[in-house]
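*Asks:* Below, each chain spelled out in residue letters.
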Amino acid sequence: MVSKLVQNASSAPLLDVRRLSLGFGDSQTDLLKGVRYSVGRGETLCIVGESGCGKSVSSLAIMGLLPKGAAHITEADISFLDEPYDLDDTVALRRHRGADIAMIFQEPMSSLNPAFKIGDQIAEAVTAHNDVTDAQARERAIEMLDRVGIPSPKARMNEYPHQLSGGMRQRVMIAMALANDPKLLIADEPTTALDVTIQSQILDLIRTLQAETGMGTIMITHDLGVVAEIADKVAVMYAGTIVESGSAEAIFNDPQHPYTIGLISSMPKLSGPRERLSTVPGTVPTVQTMPAGCRFSTRCPFAQDICNETPPQRDFGAGHEVLCHFAPLDLRLERSA
Amino acid sequence: MLSFILRRLLVAIPTIILISIFVFALQKLLPGDPILAMAGEERDPETIAFLREKYGMNDPIPVQYLKWVGNALTGDLGISLRTNQPVLELIGEKLPVTIQLATMAMIFAISIGIPAGILSAIKKGTAIDYVANVVALSGLSIPNFWLGIMLILLVSVKWQLLPASGYVPFDEDPLRSIQVMIMPAFVLGTALAATLMRHTRSAMLTVLTSDYVRTARAKGLKERRVILKHAFRNALTPIVTLSALLFGELIAGAVLTEQIFTVPGFGKLVVDAVFNRDYAVVQGIVLVTAVGFIVMNLLADVAYVLLNPRLRKQ
Chain U
35 MVSKLVQNAS SAPLLDVRRL SLGFGDSQTD LLKGVRYSVG RGETLCIVGE SGCGKSVSSL
95 AIMGLLPKGA AHITEADISF LDEPYDLDDT VALRRHRGAD IAMIFQEPMS SLNPAFKIGD
155 QIAEAVTAHN DVTDAQARER AIEMLDRVGI PSPKARMNEY PHQLSGGMRQ RVMIAMALAN
215 DPKLLIADEP TTALDVTIQS QILDLIRTLQ AETGMGTIMI THDLGVVAEI ADKVAVMYAG
275 TIVESGSAEA IFNDPQHPYT IGLISSMPKL SGPRERLSTV PGTVPTVQTM PAGCRFSTRC
335 PFAQDICNET PPQRDFGAGH EVLCHFAPLD LRLERSA
Chain L
124 MLSFILRRLL VAIPTIILIS IFVFALQKLL PGDPILAMAG EERDPETIAF LREKYGMNDP
184 IPVQYLKWVG NALTGDLGIS LRTNQPVLEL IGEKLPVTIQ LATMAMIFAI SIGIPAGILS
244 AIKKGTAIDY VANVVALSGL SIPNFWLGIM LILLVSVKWQ LLPASGYVPF DEDPLRSIQV
304 MIMPAFVLGT ALAATLMRHT RSAMLTVLTS DYVRTARAKG LKERRVILKH AFRNALTPIV
364 TLSALLFGEL IAGAVLTEQI FTVPGFGKLV VDAVFNRDYA VVQGIVLVTA VGFIVMNLLA
424 DVAYVLLNPR LRKQ
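Protein chains in written order, with the working numbering: chain U, 35 to 371; chain L, 124 to 437.
In case anyone wonders, no lab produced these hints; they're calculated from the structure.
Keep in mind that a hint or two might mislead.
To be verified - DEER-style ranges, computed between Cβ atoms:
| id | chain 1 | residue 1 | chain 2 | residue 2 | range |
| --- | --- | --- | --- | --- | --- |
| 1 | L | Leu-133 | U | Ser-199 | 30 to 40 Å |
| 2 | L | Ser-261 | U | Ala-126 | 35 to 45 Å |
| 3 | U | Thr-63 | L | Ser-325 | 27 to 37 Å |
| 4 | L | Ile-139 | U | Gln-197 | 29 to 39 Å |
| 5 | U | Gly-59 | L | Ser-279 | 35 to 45 Å |
| 6 | L | Thr-138 | U | Gly-259 | 38 to 48 Å |
| 7 | L | Tyr-253 | U | Ala-245 | 21 to 31 Å |
| 8 | U | Ala-245 | L | Val-134 | 56 to 66 Å |
| 9 | L | Thr-138 | U | Ala-126 | 54 to 64 Å |
| 10 | U | Thr-323 | L | Ser-325 | 30 to 40 Å |
| 11 | L | Lys-281 | U | Ala-104 | 16 to 26 Å |
What the hints assert, rightly or not - Heads up, simulated DSSO-like pairs for lysine-lysine below, C-alpha to C-alpha not over 27 Å straight-line:
| id | chain 1 | residue 1 | chain 2 | residue 2 |
| --- | --- | --- | --- | --- |
| 12 | U | Lys-151 | L | Lys-345 |
| 13 | L | Lys-151 | L | Lys-391 |
| 14 | U | Lys-102 | L | Lys-151 |
| 15 | L | Lys-246 | L | Lys-177 |
| 16 | L | Lys-352 | U | Lys-151 |
| 17 | L | Lys-345 | L | Lys-246 |
| 18 | L | Lys-217 | L | Lys-345 |
| 19 | L | Lys-217 | L | Lys-190 |
| 20 | L | Lys-345 | U | Lys-102 |
| 21 | L | Lys-151 | L | Lys-190 |
| 22 | U | Lys-188 | L | Lys-352 |
| 23 | U | Lys-102 | L | Lys-352 |
| 24 | L | Lys-177 | U | Lys-102 |
| 25 | U | Lys-102 | U | Lys-217 |
| 26 | L | Lys-345 | U | Lys-217 |
| 27 | L | Lys-190 | L | Lys-177 |
| 28 | L | Lys-177 | L | Lys-151 |
| 29 | L | Lys-247 | L | Lys-345 |
| 30 | U | Lys-151 | U | Lys-188 |
| 31 | L | Lys-352 | L | Lys-247 |
From the three backbone atoms N, C-alpha and C, an ideal C-beta is built for every residue, glycine too.
Please model the entire structure based on the sequences and the hints provided.
*Replies:* Shown next, in the form of structure tokens:
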């Protein structure tokens, strides 16, 4: 079922980010450089990477939600629903937001306005994009609360965020995000702040709703367990670049970029002998210390002089792309030997 | 909500008792004996003794205090030593004048300070923000008496637009009453507007970076609605609290402005009473001001609870 959807999707991506670069403040170095990924209808793309690698920034940029004046976009070549998607057109971006593209966030505790009833907050999302009466919008809000599994939705409409648990609040956020049947949902670490049992409930909920509506989903996470569970496609992000992307299968079974290999081998395993968890040594470079060529070169065990030059994009077929001088793996092992 | 107000009132009781003790002690501690002042030039011992007996000065001090409190509770704040009018009556005459002045000043301050604060927060770091801040700083730094005198010179003397001084009761001629009080209200209101603007700005700046404002934007709401509904509603709490406290201060603190524009209000009553050692009046005024302050505090707390759904239900 899922693979069928993926095949349909691969013909015409829903959101196609071909190039996205942006910098913060007066900095000459772009924080995000040449970010590229795409997501199709019904497809789940997971963007993984460490904290501060630019996962959230890239999606906030697409939503037009980066703080005004703080970030400047240097390159953007994006299309959405086969139309050019202009990050400078603030009016168009606002019309997309909450209508075709919705977003949920990491912090369910603080993402709802404490001063308003949750019912009104959901209904507001409906009235913002549709010519409906308040009663119709409320009807829709009740329906959405029911769909995200909130018991006695009618009564809950009049509750304030502080009366709900974290998991319930994230459900409300999802109800709000999906109220207008968006074509794309961007979920920015939606389960990070929740405890484990609630995490899987929320993930299941997102998956169920996705199957019902056929929307595409971008899931931003640093949790490879989440990725293994839900991803169709994976984009691995390091220091503002997508170092490797491809199908979930390719990334987990045949990782090519040294960073991806490091990430996957740092995952604890349930079977096999107990070993010390492996780590990727070093830390992510800051904008000031960003290397000119390959951004991973400062931590890469295979780094050579050539890594001071911008690495090439290598294509391994079926959308599996790696940003590395030494890919594929065999070649790299030979050279470093 | 009612139980909250009742609880809050109970807390106010010890405060009021402390204030009453302080106010009573004022009379005992300050130099100068009102009886001697009343006895006149000759200071006839018999007269003095008679007056002491009459005003209960021979009783032990705690007894005097209890008597005074008992009287105050029945609305008897004593009699002005100077005009022989009941203190309560004097206060009742002057208080409405000051309340009108304070209300007008507050309306001015709110209608200028809050929009300016919002605007300067949205336009942070731009020319508009700098201009608003410079104007606010000037509003805070310019002394009331100077501003008042300049306004009288310009508006009343040179342009002859508004009367320089005086007072017309509101119920007599509302329009004229407001006209006369525009200038003093403006003078009083400028510093308040500046204070409110600064607080609104910082409250808005905090709220504008919050996650729920980002959510409101993610819903695709128009920026206007994001700011005026989602952000401002949450910034309102400190602003309302501050406004209530400022209003309380205004009632006690309009002394200088009332002097300049010869508004026959509370401030003028205080000054006259202090200069004439009219202790009963001073006591009465301090007591009424303190109680007024406590009431405004209570209102601020009530507003705080009303604005916070989190506190409302408890």
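*Asks:* With reference to the structure, classify each hint as holding or not holding.
*Replies:* Going through the hints against the structure:
L:Leu-133 and U:Ser-199 have their C-beta atoms about 34 Å apart, which keeps the hinted 30 to 40 Å range intact. In this structure the hint that L:Ser-261 and U:Ala-126 lie 35 to 45 Å apart at CB holds, the actual value being about 42 Å. Here the CB-CB span from U:Thr-63 to L:Ser-325 is close to 32 Å, well matched to the stated 27 to 37 Å. Between L:Ile-139 and U:Gln-197 the beta carbons are some 36 Å apart, a value that agrees with the proposed interval 29 to 39 Å.
Checked against the hint of 35 to 45 Å, the C-beta distance between U:Gly-59 and L:Ser-279 comes to roughly 52 Å, which is inconsistent with it. In this structure the supplied range 38 to 48 Å is violated for L:Thr-138 paired with U:Gly-259, their Cβ-Cβ distance being about 58 Å. Distance hint check: the CB atoms of L:Tyr-253 and U:Ala-245 are about 54 Å apart, inconsistent with the given range 21 to 31 Å. The hint said 56 to 66 Å for the Cβ distance between U:Ala-245 and L:Val-134, and at roughly 57 Å that hint holds.
For the pair L:Thr-138 and U:Ala-126, the supplied restraint of 54 to 64 Å holds, since their beta-carbon distance comes to about 58 Å. Here the CB-CB span from U:Thr-323 to L:Ser-325 is close to 34 Å, well matched to the stated 30 to 40 Å. In this structure the hint that L:Lys-281 and U:Ala-104 lie 16 to 26 Å apart at CB is violated, the actual value being about 50 Å. For the hint pairing U:Lys-151 with L:Lys-345, the CA-to-CA distance comes to about 20 Å; that is within 27 Å, so the pair holds.
A distance of roughly 24 Å separates the Cα atoms of L:Lys-151 and L:Lys-391; the hinted pair therefore holds under the 27 Å criterion. Proximity of U:Lys-102 to L:Lys-151 is assessed by CA-CA distance (about 63 Å); at most 27 Å being required, the pair is judged violated. With a C-alpha separation of about 67 Å, the suggested pairing of L:Lys-246 with L:Lys-177 is violated against the 27 Å cut-off. For the suggested pair L:Lys-352 and U:Lys-151, the alpha carbons sit about 13 Å apart, so the restraint of at most 27 Å is met.
Note on L:Lys-345 and L:Lys-246: the hinted pairing holds, with a Cα-Cα distance of about 17 Å set against a maximum of 27 Å. For the hint pairing L:Lys-217 with L:Lys-345, the CA-to-CA distance comes to about 49 Å; that exceeds 27 Å, so the pair is violated. For a cut-off of 27 Å, the pair hint linking L:Lys-217 to L:Lys-190 stands: about 26 Å separates their Cα positions. For a cut-off of 27 Å, the pair hint linking L:Lys-345 to U:Lys-102 stands: about 15 Å separates their Cα positions.
Pair hint L:Lys-151 plus L:Lys-190 holds up; C-alpha atoms about 15 Å apart against a cutoff of 27 Å. A threshold of 27 Å between alpha carbons decides the hint, and for U:Lys-188 with L:Lys-352 the separation of about 24 Å falls inside it, so the pair holds. Taking the CA atoms of U:Lys-102 and L:Lys-352, the gap is about 19 Å. The hint holds against a cut of 27 Å. Only pairs whose Cα atoms come within 27 Å are accepted, and L:Lys-177 paired with U:Lys-102 is rejected, the gap being roughly 75 Å.
Our distance criterion of 27 Å between C-alpha atoms is met by U:Lys-102 and U:Lys-217, whose separation comes to about 26 Å. Between the alpha carbons of L:Lys-345 and U:Lys-217 the distance comes to roughly 21 Å, so the proposed pair stays at or under 27 Å and holds. Note on L:Lys-190 and L:Lys-177: the hinted pairing holds, with a Cα-Cα distance of about 13 Å set against a maximum of 27 Å. For the proposed pair L:Lys-177 and L:Lys-151, the alpha carbon gap of about 17 Å is at most 27 Å, so the pair holds.
This hinted pair checks out: L:Lys-247 and L:Lys-345 have alpha carbons roughly 19 Å apart, not beyond 27 Å. Between the alpha carbons of U:Lys-151 and U:Lys-188 the distance comes to roughly 12 Å, so the proposed pair stays at or under 27 Å and holds. For the hint linking L:Lys-352 to L:Lys-247, the alpha-carbon distance of about 19 Å falls within 27 Å, and the restraint holds.
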